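S.K.: Listed here are the chains, written in short residue letters.
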Amino acid sequence: MEILGMFFEDFPVGKSGGSVGKTITSSDIDFFEEMSSWPRYSDAERQLAPEMLVTMISAGLMTRQGIYEGTLVGIIGNSWHYKAPVLVGDTLKLKYLVTEASLTKSRERGIVVLKIRTFNQRNETVAEGEIRTMIRARGE
Amino acid sequence: MFETEEKLFTERDLLLGILWEGDAQLHTNSPGMAKTPFGSTIVHGNSVTSMVLGQLLRVYFKSTENIKIRELNVSYHAPVHVGDFVKGVFVLEEQQKHLSNPEILRMNFEVLKNKQTRVSKGTISIEVG
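Chains as they are written, first to last, in my numbering: chain A, 3 to 142; chain B, 43 to 171.
There may be inaccurate statements among the hints.
[As the list claims (entries may be wrong)] Simulated DEER-style distance windows between Cβ atoms:
#1 B/Glu145 to A/Ile5: 47 to 57 Å
#2 B/Val170 to A/Lys85: 11 to 21 Å
#3 B/Gln138 to A/Glu4: 43 to 53 Å
#4 B/His140 to A/Ser29: 35 to 45 Å
#5 B/Glu135 to A/Thr127: 18 to 28 Å
#6 A/Arg124 to B/Thr159: 14 to 24 Å
#7 B/Leu57 to A/Val22: 18 to 28 Å
#8 B/Glu145 to A/Glu110: 17 to 27 Å
[Claimed, not checked] Below are the DSS-like pairs computed for lysine-lysine, each with C-alpha atoms no more than 25 Å apart in a straight line:
#9 B/Lys77 to A/Lys107
#10 B/Lys157 to A/Lys85
#11 A/Lys117 to B/Lys163
#12 A/Lys85 to B/Lys110
#13 A/Lys85 to B/Lys77
#14 A/Lys97 to B/Lys110
#15 B/Lys139 to A/Lys95
Honestly, the hints are just simulated from the structure, not real lab data. Keep in mind that this is a model prediction, so the values were computed, not measured. Think of the CB as a built atom: it goes at the ideal place given N, C-alpha and C, for glycine as much as any other residue.
Same shape as in the complex, but just chain B (with noise of 0.2 Å):
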């Protein structure tokens, strides 16, 4: 198992999917936001995943040469606001190795914030070598 260090949430990460993703409604309209269930802006569900994945490939597998993900899926349970402190935990649940192909390992994931409330959970499938 491995769990990524808790990250605080600051409004410079709400960037990381504004950038990219857009959607300004939901991430940046402040008094739109206040009016709906979520009560205030929220991070971008892939922003969040980015985070999480950035941690495990730069600590978990230190070097990223000939590294590959291969799959991703994430469903996502609560939204991540800015103030919230957000891990990540990977459970290895299959290592595949063959002679002549490259590793694959595959990762159930889940996402939490400040301890306790599921954000999200995954898998993935990275090739490794």
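Here chain A stands alone, though its shape is the one from the complex (with noise of 0.2 Å):
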């Protein structure tokens, strides 16, 4: 498996980065409706993101970086609050810090908990979550 990401000890506590954006098209909610089978989200007038898809969003604007392309064993568990709604036409970013890393026993991997904020373009928070993620360690 090819390796271009950060190992476990990469990811010290209090390490802490952002994202680039990704603006929300009508088009992503269709597709998302559609290939998930999630009801049609409207308020009024307005299409709303369903906060699934705000949320693997969020996810992808962390996992697009890089960082754990290849060195992720795995997600798992992840908790958000949605805190505002998303509109087409909306850009979101995300902000991350690292709240927890540890070792397995085995020491060949390590559990590290991400707190996550994900913002639009008015630095309006929509969500804000926590990843709890699996990596390879170097085993330095």
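Please assemble the complex out of the two chains, which come individually in their own frames, going by the hints.
M.R.: The structure is reproduced here in structure tokens:
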């Protein structure tokens, strides 16, 4: 497996970073609803992004940085609080902070917990989350 | 209690996560994943959660007007592969209703594959009205 990403040791508690932006289009929502069988999600005349689409885009803003490409063993859990609606035309970015990092007993992997804030172009928080990841250790 | 219909995961379902999350190694690198304990590419956990929640909203609530998901907590216990049959089981845990506030439903849920293996479990809070 090609290793392009960072190892457990590269995620010390306190490490932080940000992402590029992703603008939400009507097609994002249409495709998501079609592929996940999610019902049409609208608020009066506005087309709202389903909360799970916001979750997936947030996860994507993390993974597309390539920081755990090839080193991520898996996502072992996540929790999200949805704070504000996301509309077509909004551009989402995120900031992350490593809040926990611990090696497993085998010392071949570690659990890294990332606190996430996803926000729109007005810097309004649309979702806050925590992603629990298992990441390969370099083992030095 | 509400149980979703069982859904067969296909290669097409891998695209849902690939579109927005990426993470090509775990989800599209077949020879690479064949060498891991997973044995083959796995479906994104968020895709599985999306599909069972989609059924909950579409079938249990019938209308999504004035429905908002406030919180979601999920822990993953086993991977889903192409060819697995998956269903969600939701149990209403708490229902808060106040005169001037929207109703809040809190549900526990579990996702099972092939009728017996737990894929994930979690809680969801939904605001209605």
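S.K.: Range hint 11 to 21 Å: satisfied by the CB atoms of valine 170 of chain B and lysine 85 of chain A?
M.R.: Distance hint for valine 170 of chain B, lysine 85 of chain A holds at roughly 18 Å.
S.K.: For glutamate 145 of chain B and glutamate 110 of chain A, compare the CB-CB distance with the range 17 to 27 Å and indicate the outcome.
M.R.: Since glutamate 145 of chain B and glutamate 110 of chain A have Cβ atoms about 47 Å apart, the given range 17 to 27 Å is violated.
S.K.: Can the restraint linking lysine 85 of chain A and lysine 77 of chain B be considered satisfied, given a maximum Cα separation of 25 Å?
M.R.: violated (41 Å)
S.K.: Can you confirm whether the C-alpha distance between lysine 117 of chain A and lysine 163 of chain B stays at or below 25 Å?
M.R.: Status holds; Cα separation ~20 Å.
S.K.: Has the given pair, lysine 77 of chain B with lysine 107 of chain A, been kept, meaning a C-alpha gap of at most 25 Å?
M.R.: holds (22 Å)
S.K.: With the threshold set at 25 Å, check whether the alpha-carbon distance from lysine 85 of chain A to lysine 110 of chain B stays at or below it.
M.R.: holds (10 Å)
S.K.: Return holds or violated for the Cβ distance of glutamate 135 of chain B and threonine 127 of chain A against the range 18 to 28 Å.
M.R.: Since glutamate 135 of chain B and threonine 127 of chain A have Cβ atoms about 27 Å apart, the given range 18 to 28 Å holds.
S.K.: Hey, lysine 139 of chain B versus lysine 95 of chain A, does the alpha-carbon distance stay inside 25 Å?
M.R.: This hinted pair is violated, its Cα atoms lying about 34 Å apart.
S.K.: Do the beta carbons of glutamine 138 of chain B and glutamate 4 of chain A sit within 43 to 53 Å of each other?
M.R.: holds (49 Å)
S.K.: Take the C-alpha atoms of lysine 97 of chain A and lysine 110 of chain B, compute the straight-line distance between them, and say whether it is at most 25 Å.
M.R.: holds (24 Å)
S.K.: Given a hinted range of 18 to 28 Å, is it respected by the beta-carbon distance of leucine 57 of chain B and valine 22 of chain A?
M.R.: For leucine 57 of chain B and valine 22 of chain A the Cβ distance comes to about 22 Å; the hint holds.
S.K.: Verify the CB-CB distance for glutamate 145 of chain B and isoleucine 5 of chain A against the hinted window 47 to 57 Å.
M.R.: holds (49 Å)
Of the numbered hints given earlier, the model fails hints 6, 8, 10, 13 and 15; all others are met.
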